[in-house]
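K.L.:
Please put together the full structure from these sequences, using the hints given.
The chain contents come next:
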Amino acid sequence: MADKQNHGIGGLKYDQSKTPWPPETGVFVALVLITVVFEVLNRMHGTSFLFNTRAAVDAIFNKPRLDIIILQVSITGIIALGATQVMVAGGIDLSAGSVVGATAMVAMSFAQTAMVNGHANPKALFGPWAMDLPAVDPILVGLACGMLAGMINGVLIAYTRIPPFIATLGMMLSARGAADWWSNGDPVSFPTQGYANLANGDVLKYLTFGLLSWPGENPAVLFIVLAILLSLVMKYTVYGKRCYAIGSNEAAARMSGINVDRHKVLVYTIAGMLTAAATIMLTSKNLSAQAGMGMMYELDAIAMAVIGGVSLNGGRGTILGTVLGALIFSVIISGFTSIRLDAYYQEMVKGAIIVGAVVLDQWRQRRNASRT
Amino acid sequence: MSEFVLETRGLSKHYGGVHALDDANFALRPGEHVAVVGDNGAGKSTFVRQITGVEQRTAGQIFFHGSEVHFSGPIAARDHGIETVFQNLALADDLDVPSNLFLGRELIKLRLGPFSILDRKSMRQQTEQALVKTAVKIPNLTSTIRNMSGGQRQCVAIARAAHFASKLIIMDEPTAALGVQETAQVENIIRGLKEQGVPLILISHNLRQVFDLVDRIVVFRRGRIVASLNREETDGNDIVSYITGVKGNEDAYV
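For the record, the sequence lines run as chains A and B. So the mapping is simple: the working numbering equals the position in the first sequence, first residue as 1, plus 3. So the mapping is simple: the working numbering equals the position in the second sequence, first residue as 1, plus 4.
Keep in mind the hints are simulated off the structure, nothing from the lab. Backbone N, C-alpha and C fix where the C-beta goes; we use that ideal spot for every residue, glycine too. Just to be clear, a hint being listed does not mean it is correct.
Residues of chain B clear of chain A, computed beta-carbon distances all greater than 12 Å [claimed, not checked]:
no., residue
1, R13
2, G14
3, G21
4, P34
5, E36
6, Q60
7, T62
8, H69
9, K137
10, A180
11, Q213
12, S232
13, G240
14, N241
According to the in silico footprint, chain B covers these stretches of chain A (three or more CB under 8 Å from chain B) [stated by the list, open to error]:
no., stretch
15, 236-244
16, 254-265
P.N.:
Have a look at this one:
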């Protein structure tokens, strides 16, 4: 485009040098504002939210807090990445939390160690054949479990044409039932050292040959890596383009020759696999799996996406937005803890923030619509 | 090669007892622009839906470039080089202009199955070329269709059809919802297609537009083709007589 000003239809003028703000700007500003509010509240008590105040420690930032801010959302954050692409494609996934429970039980059953403190593993679910397997086995079993759940969701939604809400609601109940059935409600515990290291090790040190180190933060590392990867996929590949096209106008996508049904199966399958990856991190971190794991995670994940500007109507939203939404979520939790506010208040405020984010989004859409 | 681009013989569509389209014999010559006119419910859109495979015909035959075709859907028709601009625009609101132009047939830089990498640069360049070719002026290619006026959206839809259609373009009421200037813009695109020799079937209610643009006018009434008139041999009153049934109670063969 050579000329700076083009004349549109009806003599409309458009200044190319004036590009609109990226849609995530508002979320980022909100994140900064919330952080500043907690910093001020902390300062009033003579402490700091983000900065180091202990004389004994030589650091500018309060590193433990920064670490926890990322770590505490990295598991639901990974699920939120999957939820984002599902929502962009015009769907919704209510089953993620229950799939966490089912995947946790199944994966952990193949991660058990034979001997605990010199005694046979009291929680052993299977015979010796399933003991002390290399960590790659529970990883593959877990991913397959999430993949299967996601694929069932996708096939139901694409080929029976039932609403995603109903299909994933069914999976939500069934997967939780499967998790309970797996070990009659008993937790599955005592994983091998290799499996425990998945979340508690120091993958960053391993990958950078000791240059960087972030021990015990592997879930956060995985969250960041997957976020970057999925962000690129959504932006630069046919897969991402079709997610937006289907979420934006499914009839038009179908008319244009896009295999909408097959794409939907793929979208839900990938969401299931991301949920499984999060579950593997969660069970490895906790060294145990219970059937009740992941309760309400799906709603946290959807909330992060919505706060980050992903539209419930499909077609709009980015991975970056969801990551920022997840950070807002986390900063609020850490912020309340830092000013010693009860957990009850946290839940109440979380609810208000989700509703507020959607109200703000609706208002922004109406304003944009009235401007053009 | 046949002398006709498109020919239908005895094309009929019944919805239950309703004969929405009855024994339509129609032919389109290379490079010809034909308007399809008629009152509401006369069978114009039904006729187009049979040709583009959106619906399956009850009876009759369709020949495209001399060989009989059975389109299972609009995609099959598109694969034969027939592009349709539908009344309800087949655009994705949240995508930008290049993405909409290449919707469903994206250009690929690196083939990796569903995760193939898009060739965004080429798509953008070809979009600019397509817009230049059709003289469509869109201020900003990277903004989403949502923020565009009805006319701009229609121009994108038409530019898409014009860019990919090698053999035939069908437009169903392309200017029905547009203002004066936007209509003029669309009409200019249609004139450009005439110069390029791309055949066109235009459904329109606007007789002024029809007389301005096309070579031949086909009148539908109550599901039947009642007249096929060259532009020079007829006038507005004549056409209206056929549309309303004053003239032409016999079937016309094209």
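K.L.:
Each hint should be assessed against the structure and marked as holding or not.
P.N.:
So, going through the hints one by one against the coordinates:
1. Separation of B:R13 from chain A is adequate, the least Cβ-Cβ distance of about 27 Å exceeding the 12 Å criterion.
2. Non-interface call for B:G14 relative to chain A: holds, since the shortest CB-CB distance, roughly 28 Å, exceeds 12 Å.
3. The beta carbon of B:G21 is kept farther than 12 Å from every beta carbon of chain A, the shortest such distance being approximately 29 Å.
4. Once the 12 Å rule is applied to beta carbons, B:P34 is consistent with being away from chain A; the minimum gap is 26 Å.
5. Against the 12 Å criterion, B:E36 stays outside the reach of chain A, whose nearest CB is about 26 Å from its own CB.
6. The beta carbon of B:Q60 sits about 16 Å from the closest Cβ of chain A, which is more than 12 Å, so the claim that it is off the interface holds.
7. Look at B:T62: its CB is around 23 Å from the nearest CB on chain A, clear of 12 Å, so calling it non-interface holds up.
8. Every beta carbon of chain A lies more than 12 Å from that of B:H69, the smallest distance being close to 21 Å; the non-interface claim holds.
9. Taking the minimum C-beta to C-beta distance to chain A, about 16 Å, the non-interface status of B:K137 holds against the 12 Å cut.
10. Distance check on B:A180: its Cβ is at least 16 Å (rounded) from any Cβ of chain A, clearing the 12 Å threshold; non-interface status holds.
11. No Cβ of chain A approaches the Cβ of B:Q213 within 12 Å, the least distance being about 17 Å, so the stated non-interface status holds.
12. Every CB of chain A lies more than 12 Å from the CB of B:S232, the least distance being 30 Å, so the non-interface label holds.
13. The Cβ of B:G240 lies farther than 12 Å from every Cβ of chain A, with a closest approach of about 28 Å, so its non-interface assignment holds.
14. The claim that B:N241 lies off the interface holds: its Cβ sits roughly 33 Å from the closest Cβ of chain A, which is beyond the 12 Å cut-off.
15. A stretch counts as covered by a chain when three or more of its residues have a beta carbon under 8 Å from one of that chain; for the stretch 236-244 of chain A and chain B the count is 6, and the coverage holds.
16. Figure legend: the stretch 254-265 of chain A, annotated as covered by chain B; annotation consistent (7 residues with Cβ-Cβ distances under 8 Å, at least 3 required).
No hint from the list above goes unmet by this structure.
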